Amino acid sequence: AQKITQTQPGMFVQEKEAVTLDCTYDTSDPSYGLFWYKQPSSGEMIFLIYQGSYDQQNATEGRYSLNFQKARKSANLVISASQLGDSAMYFCAMRAVQGGSEKLVFGKGTKLTVNP
Amino acid sequence: EPEVTQTPSHQVTQMGQEVILRCVPISNHLYFYWYRQILGQKVEFLVSFYNNEISEKSEIFDDQFSVERPDGSNFTLKIRSTKLEDSAMYFCASMWLVSSTDTQYFGPGTRLTVL
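Taken in sequence, the protein lines are chains H and U.
Position 38 of the first sequence, counted from 1, bears residue number 38 in this note's numbering, the numbering being contiguous throughout.
Position 7 of the second sequence, counted from 1, bears residue number 1007 in this note's numbering, the numbering being contiguous throughout.
There may be inaccurate statements among the hints.
[What the hints assert, rightly or not] Examples of chain U residues lying across from chain H (beta carbon under 8 Å, computed):
id, residue
1, Lys1042
2, Phe1045
3, Asn1051
4, Asn1052
5, Glu1056
6, Ile1060
7, Phe1061
8, Phe1065
9, Ser1066
10, Arg1069
11, Ser1087
12, Met1089
13, Tyr1105
14, Phe1106
15, Pro1108
16, Gly1109
If you're looking for bench data, these hints aren't it; they were derived computationally from the structure.
All of these numbers come straight from a predicted model, not from anything done at the bench.
Glycine included, every Cβ here is placed at the ideal spot set by N, Cα and C.
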């Protein structure tokens, strides 16, 4: 079964600095996908970035990049130039595919606080 | 940009009552999902739905839960007789295609409070 582990319950960063949010995963599937979602205090889930297991390069989306280390089974999210609006919960998730259907398996999340 | 919508944003109900949570997925999407997030906890998969039938359901999705796509646009989650422990944020998500690169897009959620 797939499992996502986020070991940082909370992280703090100064505005304009970079921060790394950790995510490790466990799966026996050779093909998988990893996602990061942002959940602000208003509650919605906002898709940030995706990394496929066969992607040769680390994914990037604006200020978000994914440090994908396949051998270590880690998919850490790097946010560069943090902004106050980045304060939120961040969830790492893995795609679990079974018999043509799929679901997302989530980690427990990391609460990021950006200080002015 | 197309988005998933959910109504209501907040539902308060008495224990034992039936509730229906509504979702309008992105219009050309084929796969639909419900997830649940109990306050302060991680998001948990409930059910996936494709071609007018359930593809997969979790242990949480017992006989008290049902899903339906009554027309071409709505996707509903019904809880027949709510319990206190059903209090949670319920997210609907949709996706165009099960592939190695496609993404599930989430709605804003419905916060269900069972008293």
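*Hints violated by the structure (numbers, ascending)*: 3, 4, 6, 7, 8, 9, 10 and 11
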